[in-house]
Amino acid sequence: MSSHAATATIDHHHDPSTTTGIPNKKLLMWAFLASDCMFFGALISTHLIYRLHPPAGGLDPKQVFSPELTSFSTFILLMSSLMMALAVTAIQKGNLKSLRWSLLTTIFFGLIFLGCQVYEFQHFVHDKKMTLSNSLLGSTFYTLTGTHGCHVAIGVLWLVLMYVRSFKVASSSSWLSHQLLHAITLIVVLLASLKVTLGLVHAIQVEPSLGVAFGHFLKAEFLFIAIGLLATGALVWFARPRGPVQFSEANAIDVESMGLYWHFVDIVWIVIFTVVYLLEFL
Amino acid sequence: MRFPNFLPSPLRRVSLPRWGRAFAALGALALLSGCEWWSMNGHQSTIAVEGPVARNQLEVFYVTVWVSVVIFVIVGAVLAYAMVKFRAKTDADEHAQPPEQSHGNPLVELGLIGASILSLVVIAVPTLKSIWYTYDVPADQKANAFEVTATGYQWWFKFEYPSELASVTPDGATKAPLVTGNELVIPVGRPVRINVRTVDVIHSFWVPKLAGKVDMIPNRANHLWLQADKPGYYWGQCAEYCGDSHAVMRFRVIALEKKEFEAWVADQSQTARNVAPLTAGTERPKVQFASLREFKKNEVGITQKFDVNPLEAWRAHQMPDARNENPELIARGKELFTQKTCLACHQVRGHGAAGISAPDLTHFGSRTTLAAGLIENNPEQLRRWIRDPGSVKPGNKMALAYERIDHTGKKIDGIKLTDEEQVALVAYLLSLK
Amino acid sequence: MSAPSAAVSAHGHDDHDVSKFQIYVQIAMLLAVITGVEIAIVYVPFAKWLIITILFVLSAVKFLFVIFYFMHLRWDKPFCTILFFIGLVIAGGTMWGLLALFSAENSLPLPT
Amino acid sequence: MDLAKSAHLTTEDHAPAAQPSLLAHPSAKTGLMSWLTTVDHKRIGFLYGVFALFFFLVGGFEALLIRAQLMYPNGTVLTAQQYNTMFTMHGTTMIFLAVMPLSSAFFNFIMPLQIGARDVAFPRLNAFSLWTFVAGAIIINIGWFLPAATHGAPDGGWYGYAPLTSKTYIPKHSIDYWIMGLQLLGVASIAASLNFIVTIINMRAPGMTMMRLPVFTWMTLITSFLIVLSFPAITIALVELMMDRNFGTGFFEVSLGGMPILWQHLFWVFGHPEVYILILPAMGIISEILPTFSRKPLFGYPIVVFSGAAIGFLGFTVWSHHMFTTGMGTVATAAFSLATMCIAVPTGVKIFNWIGTLWGGHIMMRTPMMFALGFVWMFMIGGFSGVMHSAAPADSQQNDSYFVIAHFHYVLIGGSIFALLAGIHYWFPLMFGRKVSEFWGKLSFWVIFVGFNVTFFPMHFLGLNGMPRRTYTYDPNLGWNSANFIASIGAFVLGIGIFIYFAVMAYTYFKGEKVGKDVWDGRTLEWSLPNPPPEYNFRVIPTVHARDAWWYEKHHREEIAKEQAEHAKAEEAHGGIHMPFGSIWPFVTSVGVLIGAVGISAFNQLGDPGTEGYWRLAIGSFVLGPKLGLSVFGALVMFVGVYFWSLEGNEGYHLHLDKDGNPVKDGHGKH
Ligand code: HEA
Ligand code: HEA
Ligand code: CUA
Ligand SMILES: [Cu+2]
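Line by line, the protein sequences give chains A, B, C and D.
The numbering of the first sequence is my numbering, which starts it at 154 and goes up by one.
The numbering of the second sequence is my numbering, which starts it at 2 and goes up by one.
The numbering of the third sequence is my numbering, which starts it at 22 and goes up by one.
The numbering of the fourth sequence is my numbering, which starts it at 2 and goes up by one.
Among the hints, erroneous ones may be present.
The calculated SDA-like cross-link candidates involving lysine to any residue, where the alpha carbons are at most 20 Å apart (straight line), are [said to hold, decoys possible]:
1. A:K178 / C:W96
2. B:K297 / D:T77
3. A:K282 / A:S219
4. C:K69 / A:F434
5. A:K246 / C:S40
Since the hints were derived computationally from the structure, they do not count as laboratory data.
Start from the sequences, fold in the hints, and give me the full structure.
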């Protein structure tokens, strides 16, 4: 936003203000991710150790896991990573519109992933009788994937904040309340769509015929669909143009470091998918 | 003479002899007060060892000590020399031109690194040898090894001899491996392989004079081996923090010659002793334990006398002393043992008590200590224990069975013993030789 | 690795970004395909060690593609890569150490 | 390069004209608010120091109680339970609340000055680290003030081995405080370390290449890496323990098939790097003091730096040397034994190079130098007993005996504490513009030195004579009486020494002799500043031409003066000195963290009947029950903090200075 920076094109791979040319925020994020490797390293080790030495009479993961759902959510997460990458390119070009759309899709995919996970947990607890406390498999599995889920959830929140921030106007007396309301409507939309996704997944899994399933789903989730639509309307209203926006190419680094975080969550899932799920089906 | 300027300035004016005298006086004081704090020959010494395993470990230790001392002396000498030689001695010195701003010398560095690595090799070789030697009984002696299982409980030890079967019923029909508590008796000159287990938290099995420690870890099959050179009475200690009474979770190891050991096993394999009721005409003194004294809460529970020859003291405990027994009292104690629910936790083979959560008391009278090596096993101390175990050993599980007040202030009813009952129980327990 | 970055700023934005868009989409497709292969291969009756090896290689490939392209390590200063790999290597080494320690016979849990 | 620098500094030039009042930037420069909202690395460093020294005294007080209890056999000063609490809290306090934050105080205060920066990379994150550290310290200690039967202070030992710490064996909340407290300290340390890493890598003054960094800064960097990479292991271990205690998982629960040994591995994967986290900053301080008072550059700078990195790396490969007695089997034991020995090599290299630094120098025996030399001697002794531990068979006798206690107090007190005390003396004139009296300084050194050795040297013999650690009592017939007595006397002497030390410091702070800049004829950039350093640190960002940058400047005055004048003009042209605004939001966020953590740790799922009463006041507790209520309330406060933190943006203002370096008050002051 400094006068020089705004006029010149920004080189997104070199920040002249730092010693190494790497922007501070990016460096911070990479250092954090290095640290996060250790977090997940410890968690995955715990899980694997107990998988290598399963207690007698423990649950058999083969009976518990369902590869279809997991493959689906893995795929979704990969796609969200793509959208995130596109969001970064968009803002680096200063293309706000494209940025917002990419962010929203990323958020949406993230939510589907979370929805699948919530559903998976429910399913495991109620139908497969695997709880946090009745078996070691439950303990390590839920803790590991739950921690990953928390990472995704934090990522989604961050994306939401970033989305809202991309509407920050240069000056206005009421922008604080405006922003707050905007954030709240967005969160309402998110929660509603999370609930709706859950219902959809559930309906499809329970009902053999798609049509019937959809009918059931509409009936069960009517309230949330309505709330979601209403809030979406409000969202669009909040997002109407209100003068020059204080969010530009110069903020690319914010989006980029958020992107790094999001992709990292994705690669952790790549590892989890292989060592926690796939290996069990050998 | 001028004193070096690393002392606070006024002290520099103090003359050397005075300081010398002060140090000499201090040293002499330390000696005179009998402070042989550097002598390391206590009951739990790792230096005055009495078995091949501990000796092997000690040898490794000595290697590390010698290497360290040699390096320390050399490096220390150079350091001291540099400190003295290059000190700015006067104010003028301090304001002198700074010395040459030299930056280092790779050759010196490399040489020192090489020397360090070499000295580490000196340590590493015996270390590796010893790791393999101390890990398990050497192959050529494997057949000869004696196997024991030691189990840690909060806060006492159970010892089980899988190879020695003991009668559970008086007729000897049912047998089970011999079990003792807190005193482990082993044969001399034979490797003893000890499997260490725990039922609750982590404990550690450590008899310093015989071998280094190995932890008793839940869900883990650890073991160690040790061997005693000669008959003896050894002190052992739980060496992993395990809660309130970790400090007083102790035990003893008694090593005996083959013959004596076998006799001991034979003895212990019997069910608990029954004291014959008085027949008319035999006159035995009626022991009343009239002199039982009160103890302060933290009072020491051991006597100096015992240390003179602990092994003899142990042997003396093995013999029933019929003249000092009062059969009526003992019979009463035996009844009380059931009435007061002692049998819920303790086992006394042949007397119908089969509890498993507390030390086996079948031959309790033959032990030299009670409450896991904390206090001596004599009438006074035993009464002190069964009257209020909680005051002797903080938080111990037996105290849970006694009347007490929980943290909300509620009174919980439990075992309550009158003086007379205490005396009877003491008489009974001590008769279990 | 800084060479491409110099090239990037030298050329105009547009053609580069078009190509970046394509790269991203292509990689996403590749990742999806690899995931599919991974799922399929589990059910193939090969030797266990072979499948495990293949799975590990494939995951590693996915991993590397994501960090080098989506996370643009490929275009960034190499220091970012170094920084991340310090963490990755130490975490990986620790995991390996832990698994090895727990696979040793002494560490087997007590049979019940 | 420096043009670029100033361009950066003006990045956030145009703050919105009409900031809503909630987001008005705090501008207090004095008073309580100024401390709560400060983002100045020097003030944050000072606060770290104050808290750390307070906890050092608390931990020392606990140590004195321990020594009082052990002075005679069958001591009656403390009960078993109190004693166990005491050593747990003593260890935890000293390591996490005294030495680590004291190192952090120096990182904060000195490191940016050494690299010629005006602040750390993320000033508000820095404030957040500080306050979260305070929150963690409060939670760990909160148990002292709550009913002992249901709460109480932690008593599981500083490494809290499972399964003793499970709900079965310690049902009280004491362990929950320990878990949550350490968890917060982990968050604080990781956040702070990430900040330092970025600062050192990215905020160096022009010309300050990595191989010109002062060694203290290098050690800050390596320590930060160790923190960032080792704390996750304990964080996960604590999460698992917390889940076991509160949600019935089975990580360390044998009845479900869990293996308690896993806790030990995860703990020491963190724990061993942790001890190097405690010593590397100390080594950095020593590597500053020895050259300064020898008036010579550090001998073998690149090798000292490299050996520091080697120690850091090797530190991750030796954790199981704390577990030699856990029956790991021959191969694993041998591997960890050898790996541990290897660490002696890089550590030795440092010792040799320090001696090389003294060699041929003009050694000025000032108080900091006394402590530094004391460090070299004492650390060597501690290191050698470390090597004795590394021989696994020998360690099977020494483990959990007083020999270990002797070892680590030699490295921790003789090492870390001596160096930190040296550092306080060394930088005191810079921080406060006053100098400690040489007489009192040296006197305190000698009392501390003698007291320390009298306390801990006999402990080697106690350990070899079989005295186990963590024992509240011992029998008089084991030959431990006199050594324990001497150790206790030594501890009180040591206490007196430390008392003198602090009394002198306090006196000096108010009344000490005033000194001008660069009292010690220093070598690194911080000494180029007036004392105390102004808020903006450097009037003109220096340009570095050599390793001991300030020494070089002093010997090339003319060129430097010319260069600086030019740079000053250039900076002024770019808007002057950029300063970050203060902010209350990091503090608010930490308060939220504190509330939430208390909620998580202090209550059973359904609430304790005994204590519910006064906590119920907390908003939300009525509806959700105290645990959820307090946690959710805390999370809300935290969220509010983060939200405004991110909205407020990292803006700043510009300073223009007059000839004397005072800010000019004109319209241009704030943009
Ligand atoms: C500041 C902290 C610090 C430091 C620097 C060290 C340094 C070392 N430590 Fe220490 N250690 C602790 C803090 C520290 N330690 C703590 C707190 C514990 C106990 C935790 C607990 O149980 O509560 C512990 C416990 C501990 C154990 C476990 C003991 C046990 O519980 O059974 C071991 C075992 O190997 C060990 C080894 C070492 C070694 C080899 C070094 C080496 O880094 C030392 C290297 C230094 C030198 C060797 C001296 C100088 C070198 C030369 C002059 C060169 C030439 C020398 C040779 C070639 C030998 N330490
Ligand atoms: C950096 C770390 C550090 C430091 C500096 C110290 C300092 C001291 N420690 Fe430390 N100690 C540990 C780390 C440290 N310790 C650890 C990690 C353990 C293991 C814990 C465990 O097993 O879990 C331990 C255990 C431990 C034990 C063994 C306990 C046991 O196992 O049973 C002992 C026993 O003597 C001891 C003694 C001392 C003494 C006398 C000091 C002295 O140096 C203290 C000197 C300081 C003072 C004397 C303060 C002076 C204060 C005043 C004069 C006034 C007080 C005023 C107020 C409170 C307002 N410590
Ligand atoms: Cu059992 Cu300590
Ligand atoms: Cu260690």
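Going down the list of hints, with the structure as the test:
no., hint, in the structure
1, A:K178 / C:W96, "17 Å, holds"
2, B:K297 / D:T77, "11 Å, holds"
3, A:K282 / A:S219, "14 Å, holds"
4, C:K69 / A:F434, "11 Å, holds"
5, A:K246 / C:S40, "14 Å, holds"
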